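Asker: With chain A's structure known, arrange chain B on it following the hints.
Protein chains in written order, with the numbering used here: chain A, 123 to 383; chain B, 123 to 383.
Since the hints were derived computationally from the structure, they do not count as laboratory data.
Copies of the same chain look alike in the list, so a pair counts if it fits in one copy or across any two.
Restricting the straight-line Cα-Cα distance to at most 16 Å, the calculated cross-link-like pairs of lysine to aspartate or glutamate (EDC-like) are: (1) Lys249 <-> Glu382; (2) Lys249 <-> Asp288; (3) Lys169 <-> Glu222; (4) Lys124 <-> Glu371; (5) Lys124 <-> Asp151.
Quantities reported herein were computed from a predicted structural model and do not represent experimental measurements.
2 protein chains.
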Amino acid sequence: MKWCRFETQAGPRYGIIGDDGFVTEVSGDPFGEYRQTETRVALGDAKLLVPVIPPTFYAAGVNYRKHVTEMAHRRGAEPQFPPAADIGYRANNALIADGEAIVVPQDATEAVQYEGELVAIIGRQCKHVKEDEALDYVFGYTIGNDVSERNWQRGDRTFWRGKNTDTFKPMGPWIVTGLDPDRLRVTIRLNGQEMFTYDIKDAIFSLPHFISRMSRYLTLYPGDVIWLGTDGVTENMKDGDVVEVEIPEIGVLRNPVVRER
Amino acid sequence: MKWCRFETQAGPRYGIIGDDGFVTEVSGDPFGEYRQTETRVALGDAKLLVPVIPPTFYAAGVNYRKHVTEMAHRRGAEPQFPPAADIGYRANNALIADGEAIVVPQDATEAVQYEGELVAIIGRQCKHVKEDEALDYVFGYTIGNDVSERNWQRGDRTFWRGKNTDTFKPMGPWIVTGLDPDRLRVTIRLNGQEMFTYDIKDAIFSLPHFISRMSRYLTLYPGDVIWLGTDGVTENMKDGDVVEVEIPEIGVLRNPVVRER
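Extracted from the complex, chain A is given alone in its bound form (with noise of 0.2 Å):
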């Protein structure tokens, strides 16, 4: 089933995406109670919006080997693996929907870089879940992309600009249910040309380990984002370039990079 949520005359309302291109809007929400209504719109007309907002927005960072060896490489550094799937947080704020503009703040440097992740989407609150029931919990998918100014996401003593610049969130375009992560494989492309693609069961820490452990101290809530990491290296986006992540049986998320002048 493809779940997504589009800009209405009466606000925000989640929609359902039929085999035949058309939304059907739903009263309610995908975690409740909720009913189809007699509304449809084709999938092309509809504004889509950020699939969720997430009561907390959760994120692994570091979690895939090539990223972390060929970015520590870059740096001269010595590769420094994740000893335990200690969780890390984004910020609401900076989340914008599939199509929507990267921009870039003046004062930024040009090492403002992509980073392509699935996304998992909680669909019921849980504590104390045991590894091999985790995906029970997860309602779906979809696609992020984690923008990261390298010099602020290094210099400053937390995240906050780095990561969580307005629009450094891209999000979507839909969310997808029924997937088995472990199947799924991200692609990255930059104007076009192939960046990067890994598959999401390289992971260091696997998403039902990360639910495990998150949850045996955190209850978790329908809504919650589950954000993967990435892998490889990345490279600087510029003022008209177009980034695009893939993982097929999602879709892609496609978002237009400006810099502010």
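Answerer: Below, chain B without anything else, positioned relative to chain A:
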């Protein structure tokens, strides 16, 4: 004006606390349109909730000199003052209301400590705010206790369980508007004994400075909270303790401590 959020049969509602000790239920919320209803309940009979669920939960972290120097001294380390107002984050799962128990997980060490703080609540959406206009965007103030498991805080790659374990973020009891933060003083008591007291104005970075710097990159939204950090050395809390944070112009945030067995 004093705003609270409380449980009703129809779910959580905002209320206005009058000088007569009664809460007038409000339809809507204090950040948008609202009207006072005919429903009134004695404050003592109201089940108070966390006074606001923030879209984004910001925290200054280290922002007072004695906290930096004395905590470093205790660890045998050199004190390191933050060179810039780089804001941090906490997570909504950890929020509890006044009176609710701080529940310490079985596997936490003894080093579970309080941090009594002033909390500012944003009232209006803003970006690129000048320092001398920053307080115009603050709706009001409440009290926070940034409970921290010091070994997890130092040993993990992020603050996920060190700071954000469920129940580790008491906030309340209510929101007071019209205050000058620089005239406020925070007092922390453990089992009735005063542990530390400090003046908000002694912060390394002021609230207006944080709002101005944050809003250069981040849009702030109504309901976003900014926790302003604590001063002084902090002590361990054990099963059966009661911790209080008082700011006389606001009230007292009081929470018992329970260790899971």
